[in-house]
Amino acid sequence: MTFIDGLVIQSLNPKYPIILMTIFSEFLSKSASSFEVIKLVVFIELFFVAAIFTWAFIGIFLQLLFEIKILI
1 MTFIDGLVIQ
11 SLNPKYPIIL
21 MTIFSEFLSK
31 SASSFEVIKL
41 VVFIELFFVA
51 AIFTWAFIGI
61 FLQLLFEIKI
71 LI
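Mapping to this note's numbering: the sequence shown position 15 is 15, numbers consecutive.
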């Protein structure tokens, strides 16, 4: 995976910080195979997606909790 590949992926999926992942792949491309770099990129992207959903659910939960306290 090269920096150009990372820019193509970024243009396809602009929501997540894939530029950071391409920087990781630039460092790893000299010592790791392409498959290992792609696995790392997928794991990091899944981590960011999980973090985004976790914060969204925490926000919804806190908002509902705050509304319940106001109603009581």
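Hints in this document: simulated from the structure, not taken from any laboratory.
Please read these numbers as outputs of a predicted model, since none were measured by experiment.
Be aware that a few hints might be false.
DEER-style ranges, computed between Cβ atoms [as the list claims (entries may be wrong)]: (1) Glu36 - Phe66: 29 to 37 Å; (2) Ile68 - Phe35: 46 to 54 Å; (3) Ile58 - Glu36: 46 to 54 Å; (4) Phe43 - Leu65: 28 to 36 Å; (5) Ile58 - Ile38: 39 to 47 Å; (6) Phe66 - Ile38: 26 to 34 Å; (7) Phe43 - Leu64: 43 to 51 Å; (8) Leu65 - Leu40: 35 to 43 Å; (9) Leu40 - Ile60: 24 to 32 Å; (10) Ile68 - Ile38: 29 to 37 Å; (11) Phe35 - Trp55: 40 to 48 Å; (12) Lys69 - Ile38: 29 to 37 Å; (13) Phe61 - Leu40: 30 to 38 Å; (14) Glu67 - Glu36: 41 to 49 Å.
From the three backbone atoms N, C-alpha and C, an ideal C-beta is built for every residue, glycine too.
Hint-by-hint comparison with the structure:
1. Glu36 - Phe66: 29 to 37 Å: 45 Å, violated
2. Ile68 - Phe35: 46 to 54 Å: 49 Å, holds
3. Ile58 - Glu36: 46 to 54 Å: 33 Å, violated
4. Phe43 - Leu65: 28 to 36 Å: Roughly 32 Å apart at Cβ, these two residues keep to the hinted range, so it holds.
5. Ile58 - Ile38: 39 to 47 Å: 30 Å, violated
6. Phe66 - Ile38: 26 to 34 Å: Given about 42 Å between the Cβ atoms, the range is violated.
7. Phe43 - Leu64: 43 to 51 Å: Since the Cβ atoms of Phe43 and Leu64 sit about 32 Å apart, the hinted range of 43 to 51 Å is violated.
8. Leu65 - Leu40: 35 to 43 Å: Holds - the Cβ-Cβ distance for Leu65 and Leu40, about 37 Å, lies within 35 to 43 Å.
9. Leu40 - Ile60: 24 to 32 Å: With a Cβ separation near 31 Å, Leu40 and Ile60 satisfy 24 to 32 Å, so the hint holds.
10. Ile68 - Ile38: 29 to 37 Å: Given a distance of about 45 Å, which is not inside 29 to 37 Å, the answer is violated.
11. Phe35 - Trp55: 40 to 48 Å: 31 Å, violated
12. Lys69 - Ile38: 29 to 37 Å: 47 Å, violated
13. Phe61 - Leu40: 30 to 38 Å: For Leu40 against Phe61, whose Cβ atoms are near 31 Å apart, the range 30 to 38 Å holds.
14. Glu67 - Glu36: 41 to 49 Å: Because 47 Å falls inside the window, the suggested range holds.
Of the numbered hints listed earlier, those contradicted by the structure are 1, 3, 5, 6, 7, 10, 11 and 12.
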